[in-house]
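Chains as they are written, first to last, in my numbering: chain A, 1 to 571; chain B, 1 to 249.
No lab work stands behind these hints: they were computed from the structure.
Check before you lean on any hint, since a few could be wrong.
Residues on chain A that point at chain B, a partial pick, calculated with CB under 10 Å [said to hold, decoys possible]:
| no. | residue |
| --- | --- |
| 1 | 31 |
| 2 | 35 |
| 3 | 38 |
| 4 | 43 |
| 5 | 45 |
| 6 | 52 |
| 7 | 55 |
| 8 | 111 |
| 9 | 113 |
| 10 | 115 |
Heads up, the beta-carbon is just placed ideally off N, CA and C, and yes, glycines get one too.
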Amino acid sequence: MRALPLFAWLTAAAGFLLVIAGGLVTSTGSGLAVPDWPLSYGTLFPPMVGGIFYEHGHRMIAATVGLLTLALTLWVIFSEKRRWVRRLAIAAFGLVVLQGLLGGLTVLWQLPPQVSIAHACLGQVFFSTLVVLATVLSPAWQRTPIAHPSDQAPDLCRLSFLAASAAFAQLALGAAMRHTGWFPALLAAHLGGAAAVLALAGKTAGSVLKRYRSMPLLRRPARLLMWLLLVQILLGVFTFLSGRSVLLATAHVAAGALLLASCSVLSVSLYYFLADPVHPIDLTRRPLKIYLELTKPRLTFLAIVTALGGFLLGGAGQPVNAWKLLALLLGTAGIGAGAGTLNQYIEREADGRMERTRGRPLPSGRISPDSALAFGVACSVMGLVLLALGANLLAAGLAAATLVSYLFIYTPLKSRTTLCTLVGAVPGALPPLIGWAAARGELGLHAWPLFFILFLWQLPHFLAIAWTWREDYARAGFRMLPVLDPEGGSTGRQIVLYCLALIPVSLLPAAMGSFGWLYFLIALASGLGFLLCGLATARTRSAPSARRLFFASILYLPVLLTTMTLDRMIS
Amino acid sequence: MKRGLKAGGLAVMVLTLLAAGNKPQEAAAVRPAEAAPAGGATLSGSISVTGNVPAPTKIKMAADPACAQAHPDAVMSRELVASNGKLQNVLVYVKDGVTGSFPAPTEAVVINQTGCMYEPHVFGIQAGQKLEILNSDATLHNVNCQPKLNKKFNLAQPTKGMKSAKTFDQPEVPVPFKCNVHPWMTAYAGVFGHPFFAVSGADGAFSISNLPAGTYTLEAWHEKLGAKTQTVTIAEGESKKITFSFEAK
Numbered sequence: 001m002r003a004l005p006l007f008a009w010l011t012a013a014a015g016f017l018l019v020i021a022g023g024l025v026t027s028t029g030s031g032l033a034v035p036d037w038p039l040s041y042g043t044l045f046p047p048m049v050g051g052i053f054y055e056h057g058h059r060m061i062a063a064t065v066g067l068l069t070l071a072l073t074l075w076v077i078f079s080e081k082r083r084w085v086r087r088l089a090i091a092a093f094g095l096v097v098l099q100g101l102l103g104g105l106t107v108l109w110q111l112p113p114q115v116s117i118a119h120a121c122l123g124q125v126f127f128s129t130l131v132v133l134a135t136v137l138s139p140a141w142q143r144t145p146i147a148h149p150s151d152q153a154p155d156l157c158r159l160s161f162l163a164a165s166a167a168f169a170q171l172a173l174g175a176a177m178r179h180t181g182w183f184p185a186l187l188a189a190h191l192g193g194a195a196a197v198l199a200l201a202g203k204t205a206g207s208v209l210k211r212y213r214s215m216p217l218l219r220r221p222a223r224l225l226m227w228l229l230l231v232q233i234l235l236g237v238f239t240f241l242s243g244r245s246v247l248l249a250t251a252h253v254a255a256g257a258l259l260l261a262s263c264s265v266l267s268v269s270l271y272y273f274l275a276d277p278v279h280p281i282d283l284t285r286r287p288l289k290i291y292l293e294l295t296k297p298r299l300t301f302l303a304i305v306t307a308l309g310g311f312l313l314g315g316a317g318q319p320v321n322a323w324k325l326l327a328l329l330l331g332t333a334g335i336g337a338g339a340g341t342l343n344q345y346i347e348r349e350a351d352g353r354m355e356r357t358r359g360r361p362l363p364s365g366r367i368s369p370d371s372a373l374a375f376g377v378a379c380s381v382m383g384l385v386l387l388a389l390g391a392n393l394l395a396a397g398l399a400a401a402t403l404v405s406y407l408f409i410y411t412p413l414k415s416r417t418t419l420c421t422l423v424g425a426v427p428g429a430l431p432p433l434i435g436w437a438a439a440r441g442e443l444g445l446h447a448w449p450l451f452f453i454l455f456l457w458q459l460p461h462f463l464a465i466a467w468t469w470r471e472d473y474a475r476a477g478f479r480m481l482p483v484l485d486p487e488g489g490s491t492g493r494q495i496v497l498y499c500l501a502l503i504p505v506s507l508l509p510a511a512m513g514s515f516g517w518l519y520f521l522i523a524l525a526s527g528l529g530f531l532l533c534g535l536a537t538a539r540t541r542s543a544p545s546a547r548r549l550f551f552a553s554i555l556y557l558p559v560l561l562t563t564m565t566l567d568r569m570i571s
Numbered sequence: 001m002k003r004g005l006k007a008g009g010l011a012v013m014v015l016t017l018l019a020a021g022n023k024p025q026e027a028a029a030v031r032p033a034e035a036a037p038a039g040g041a042t043l044s045g046s047i048s049v050t051g052n053v054p055a056p057t058k059i060k061m062a063a064d065p066a067c068a069q070a071h072p073d074a075v076m077s078r079e080l081v082a083s084n085g086k087l088q089n090v091l092v093y094v095k096d097g098v099t100g101s102f103p104a105p106t107e108a109v110v111i112n113q114t115g116c117m118y119e120p121h122v123f124g125i126q127a128g129q130k131l132e133i134l135n136s137d138a139t140l141h142n143v144n145c146q147p148k149l150n151k152k153f154n155l156a157q158p159t160k161g162m163k164s165a166k167t168f169d170q171p172e173v174p175v176p177f178k179c180n181v182h183p184w185m186t187a188y189a190g191v192f193g194h195p196f197f198a199v200s201g202a203d204g205a206f207s208i209s210n211l212p213a214g215t216y217t218l219e220a221w222h223e224k225l226g227a228k229t230q231t232v233t234i235a236e237g238e239s240k241k242i243t244f245s246f247e248a249k
């Protein structure tokens with residue numbers, strides 16, 4: 001091996017020692033053993049006693065790594081022909097300088113958790129950068145030809161990027177746990193994150209080992225990643241069982257650094273060697289957009305907002321538990337994203353037959369069904385774990401009911417019976433109950449009006465959509481009511497019926513004493529307005545009136561929820 | 001267009017919901033500054049502990065030879081010290097019921113780092129009173145104090161004989177002290193707006209004197225066993241015996 005790559009690996013190894021030393025400072029609680037910075041007790045070499053051994057040792061290794069990185073960067077700048085590699089080296093140097101300053105701030109500001117967490121995360125990014133730099137400088141990298149790209153290559157590249165992002169998020173959560181404490185919600189998020197990393201990184205490495213076994217530069221990091229996943233999960237379990245033993249917790253941090261580094265190397269290698277010279281994969285063009293599309297972001301957002309509403313109304317009068325709230329929001333996001341993704345996975349063929357949905361990631365072939373399945377399962381599991389551990393089992397049970405009713409009852413019924421709309425409104429109405437359950441741990445009488453309001457509200461909302469797109473639905477073979485009712489008489493009658501039923505149901509909370517007069521009046525007024533739009537649609541059966549009904553439905557819900565909140569604030 | 005409407009409406013709703021959920025806490029009432037009435041009542045008594053009190057553990061000081069050399073005999077941990085069912089290092093103080101203002105004494109309270117231990121381990125101090133922090137060891141200490149209400153600090157005391165002075169502005173219990181060089185070193189202070197506090201001795205006894213007549217909430221705080229309160233009414237010049245009982249798990 002030539003001298004430069006060897007030196008790059010040496011710097012990366014020193015960077016690994018630095019991660020371990022930093023981990024030890026946190027594990028032993030020595031972060032403030034030296035109160036001054038950049039000097040230590042006013043000198044360069046204080047006696048290495050007690051906690052000073054860890055804190056000053058960390059500083060000395062850090063200074064060494066800083067100098068090594070500077071030397072490496074200069075060497076690369078003057079000897080390397082590839083511009084992107086020179087830039088990577090400069091980035092590594094910038095990161096180490098920034099990291100040193102951040103380390104100084106942790107001392108001078110006496111370990112505010114945000115700064116400590118940022119220092120931990122940046123340290124991981126810096127180490128991974130060093131490893132990637134050493135990899136791309138190696139002679140083997142420069143000898144290896146670009147592989148013949150296949151159809152599945154872009155998909156695998158994106159999956160690897162997602163896996164590396166998840167590994168980083170997981171490290172950030174771990175850092176938050178180490179610097180703020182083992183709050184149940186954080187622990188839950190970290191466990192959910194472990195499931196997500198296992199699914200995404202495991203799938204990436206598995207695919208690489210299946211398809212690109214002949215390429216050592218892809219095979220090696222993939223195989224290492226597989227082992228690291230196993231080791232890291234075991235270390236995590238042992239760290240938990242030992243109640244944060246210094247040795248195990250630090251080993252967990254170190255293995256996490258190796259995991260992120262091998263994920264990063266694998267991802268960069270995939271993007272580099274599987275690049276299609278004609279249609280290169282552009283990293284800068286929002287590589288995760290496809291995954292965002294899979295999550296049905298607007299429906300997921302609606303679920304999050306209604307869950308938040310249920311949480312705040314259910315927990316009225318009590319102080320908001322921020323960690324529980326975070327677990328609820330992230331958990332609901334996971335359930336929403338998982339449900340959306342798995343629904344598209346199940347309906348990928350039907351979606352391909354509809355104009356409205358033909359462009360979705362699966363029917364358009366922008367992502368493979370396997371990857372979507374892995375992503376959907378990862379999101380759902382993460383959501384369930386988060387809710388179970390961060391909130392309570394009731395909330396998680398309701399979330400599981402949401403997934404099951406949406407994926408295994410509504411989705412198959414869509415092509416069989418017009419009753420599907422009624423069934424489909426159930427999972428849509430469950431999120432406020434999830435929020436309520438998270439706040440209270442039980443579903444009182446006062447929780448149910450929220451469910452029924454959302455249930456009834458969805459029916460005119462979806463019938464208006466189905467009416468607008470009825471020809472499309474017919475092409476896909478979905479037995480929605482407007483498809484079987486081309487005249488629209490029955491659809492109109494049902495819309496009016498649901499709008500009408502919504503009025504007394506929306507007034508129920510006022511009648512039960514949950515809210516006062518303000519809510520009563522505004523709920524009545526907006527219910528009547530919604531009904532008028534429904535009547536207009538039923539009478540004219542025209543496209544513009546259906547669109548107006550759709551807009552009215554979108555307006556109705558925020559107005560109602562805002563009024564509930566305002567009413568609470570006033571009384 | 002329709003996406004914008006929907007997202008906008010929902011965002012407004014989220015903001016209102018969040019605003020409703022986070023009503024600010026009411027500010028603590030400010031005590032009126034009246035002249036402090038002179039008092040002659042005394043509250044004294046002892047702190048007992050029942051249950052299974054673990055034996056103090058031996059502190060390992062090998063990480064710093066200077067500390068180990070200072071102790072020919074074994075040093076025991078001070079976080080839970082009891083003898084004959086009497087509990088030491090309990091901070092007893094009047095939590096509620098004191099009216100008037102009490103100027104801070106001019107003499108300083110001293111906390112000494114000696115033999116790599118804090119001396120005293122638990123102490124009371126008035127808000128505004130000077131705290132003198134002394135390093136009597138031939139080694140380095142950092143004095144890491146992270147209260148919740150008062151200003152945090154982390155001092156370097158690298159040499160023997162070094163002194164630093166600090167004051168606390170706000171009443172607060174507890175104010176923890178820690179040395180990160182020698183992780184076994186911990187101490188706790190209680191900061192008060194009045195002089196009616198005491199720390200139980202090796203026999204578990206405490207005494208608070210010069211109290212004006214009145215009805216008071218008395219609290220006993222221990223670093224491991226938590227806090228206990230009781231209400232006491234005392235007449236001018238009266239002496240009352242008080243007992244607190246903690247249970248070790």
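These are the hints, each one checked on the structure:
1. 31: The hint holds - residue 31 of chain A has a Cβ within 10 Å of chain B, the shortest such distance being about 7 Å.
2. 35: Check passed: Cβ of residue 35 of chain A comes within 4 Å of chain B, closer than 10 Å.
3. 38: 13 Å, violated
4. 43: It holds, given that the least Cβ distance between residue 43 of chain A and chain B is near 8 Å, below 10 Å.
5. 45: Interface hint status for residue 45 of chain A: violated (12 Å vs cutoff 10 Å).
6. 52: Status holds, d = 5 Å.
7. 55: Hint on residue 55 of chain A: holds, closest Cβ of chain B at ~7 Å, below 10 Å.
8. 111: 9 Å, holds
9. 113: 12 Å, violated
10. 115: Result: violated, 14 Å to nearest chain B Cβ.
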